[in-house]
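Given next are the chains, with one letter for each unit.
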Amino acid sequence: MNHEYDAVIVGAGGAGLYAALEASKKANTAVLSKLYPVRSHTGAAQGGISAALGNVEEDKPEWHAFDTIKGGDYLVDQKAAMTLAEEAVQAVYDLENRGLPFSRTEEGLIDQRRFGGHTRNFGEGPVRRACYAADRTGHMILQTLYQQCIKNEVAFFDEFQVLDLLVEGNRCAGLVAVELATGEIHVFRAKAVLFATGGFGRMYKITSNAYANTGDGPALAARRGIPLQDMEFFQFHPTGIKGMGILISEAVRGEGGILRNRDGERFMERYAPTLLDLAPRDMVSRAILTEIREGKGIRGDRKIDDYVHLDATGLGKVVLESKLPDISGFVRTYLGIDPTVEPIPVLPTAHYAMGGIPTDIQGRVIVDDKGTVCEGLYAAGECACVSVHGANRLGTNSLLDLVVFGRRAGMHICEFVDGIDLPAIDDSAADSARSWIARLLEGKEGPHGGQIREEMQTIMMADVGIYRNAEGMERAVSRLRELRERYASVRVQDTGRSFNTDLLEIIELGNLLDLSLITAESALAREESRGAHSREDFPERDDEHWLKHTLAYLEKDRVRIGNKPVDTSLWEPKPRVY
Amino acid sequence: MKINLKIQRFDPQTDQEPHFQTYEVEVEPTDRLLDAMMHIKRFEDGSLSFRKSCAHGVCGSDAMRINGKDRLACKTLVRDVVAGEGDTVVIEPLRYFPVQKDLIVDQEEFFTRYRAVKPFLINDEPVEKGERTQTPEQRKAFDDPTNCILCAACFSACPIPEEDPAFLGPAAIVNAYRFLADSRDRGFEERLPVLDVPDGVWPCQNHFKCTEACPRSIKITKRINETKRMITTYRKKRGESVKDGKL
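So the protein sequences, as listed, match chains V and F. Per our numbering: the first sequence ends with 735, consecutive numbering throughout. Per our numbering: the second sequence ends with 249, consecutive numbering throughout.
Among the hints, erroneous ones may be present.
[To be verified] Under the rule of at most 30 angstroms between Cα atoms (straight-line distance), these lysine-lysine pairs were calculated in the DSSO-like manner:
{"id": "1", "chain 1": "V", "residue 1": "K308", "chain 2": "F", "residue 2": "K120"}
{"id": "2", "chain 1": "V", "residue 1": "K480", "chain 2": "F", "residue 2": "K239"}
{"id": "3", "chain 1": "V", "residue 1": "K308", "chain 2": "F", "residue 2": "K224"}
Simulated from the structure, these hints should not be mistaken for laboratory data. Computed from a predicted structure; not experimentally measured.
The shape of chain V in the complex, shown without the other chains (with noise of 0.2 angstroms):
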């Protein structure tokens, strides 16, 4: 079936959805979703989302975009973190008049608590800069934008999954997805298409991200030349349920929670004398595998599952009921604790994407060094890589990335697709995806994707993780190769039509794959430390010769590294302690 559209987005998460809100005023919008829209993952954050609005104690833009490019350890473009951070105000103002239940300051004034890498006067002390909604904010934002999106009966085709992008030279045409209740291909021809589709934690195998989370836009971008942007960094968080990932949000350290060691220690006041454990992720997590690695972890056999605690005892039961219901509730149900009285033990887990399809501050895709702009296509949320949060994000800024650069790029979508044609698209647009499909679902004998996929996410946790080296990294991309050429052979064991999971599965594994494949040569490619990005091998960060943006360009079985420059026009690049 062929649907023609001004614009079509491709994810419902909160970048999605508000590109949506903005793109509906003027153009005729479709949204797909490969889930229904309120089970994307934007659903599951927990912490906050940040904005200077100084209601608790004061606060300015100019701080918190500072904190995001020291966060980001300076491979943020600085002038986009001014973007972020002074659009910040009217966009948490903004949800809060659409109905976001925000939780209140006695006074009636939406709250604010401390979070990870947040100071006030550049890095003086913490600052109550991130917005909350108990801890279930993600939660509120996705419920209050689909609820926006039902009153201004935006069109969405729940459950289609996209396989292909339609590139003409520099210009998106639109693109090819199937429709999983029946196995239908479609054909979406649109001026504009933006991509939303998340994260891609699912490459590793212990991650807080959803099932979903397969960086299905990113991975249709790179087969199709568009090179992908800061694939190395990505972050793990520090504080996901021992041996399940699941996140325990940062709020719990925003509240008062502290990490301990098998001695009973606070051991980051080691590592970051003056935000201690309210210190960005990358330290905190490099931190904890230390301590392990030391000895030190809960059970002190240095083996790489060991764990250490994460105490909220302390907080009251107050606290945790009301402002960490839901953390409480995952600590009870998975681990049978009551963190009133008990500590977590809590392990990193494959968290965000830094990294994802490079785009200026409108959202539009840029595909190499100079500047070039694909003509029509977009790419906002976590799958994007504007840069804003460069080489380390800080929490309670995704959530904003998403509301800002989402709003941006459907407010640029409108502009953009208001008097101008749909592009051509040739009869044998769906051909490459057809075919593709049908291979897939052919009745031959192939191995089955189950076994590919627990490889490949077993050697990222490894030789790709948090702590990095050549010999590492150099077998996970000899490993990779053969895994992607063992993946062309694989075939459905269900060859129905009608919700196929085990096709989507599929699909989204190549999806990862080609990925993980990237983001361990973009990883191999950088010869220093920075952020997320830890190498034993190479263990400082070298502005001399690495303060620029990766480029990784996927080329059959190979990636060509290239690098762009960083906007470093407001502050001066220092090195980060905190």
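Got chain V; can you put chain F on it based on the hints?
Chain F in isolation, oriented as in the chain V frame:
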């Protein structure tokens, strides 16, 4: 330990009727039921179909009937549903919705009823600057309904739709209440035509099955009763009777 999962299967292309298939799987007591199902899907039978995403109880994708109780597969631990080695867990799709494949049901009607209550803030008063204020007490008044993840466990658990399939349903009503009780909302009258009708809020008979099933601990029955009270008070003030279809 080894346990059995007895799962309802249905492939519209090949089956006339749903039927059960039993799988044996090796599990730990602390595994999520979803983990066991994923293991089967990935290593034994790729055709087993079910929805899932977040795997920790916040997205609502994997609501299903487990040993006759409507719950989320990712929030149900093996030890919650088996006593020991060799036990069987029966897994069926949610009730009342057409089965599309295995445990995947057509939720269109569920979302249609949700949309019918206008589940968005209704307030055209201009905001001068910043946020509309709301005290912590006012915020608390509608707190638990804001947690709804639209998983439909409550709808499946409710006995009313068996007799009265047009009943608006607990989720739609509780999402309406979320706005009725929000001090910033002005949409009470606008939502009345959907709530104050014979198939609106009135069919609820306080069975409490919804409240028991809700994985987000929402006091659904309580909120439905509060909604009924708000409507009754409103009608009384105007000398009208509620439109519950009774004399």
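(request) Please name the hints from earlier in the document that this structure breaks, with their numbers sorted from lowest to highest. (result) As far as the earlier hints go, only 2 is violated by this structure.
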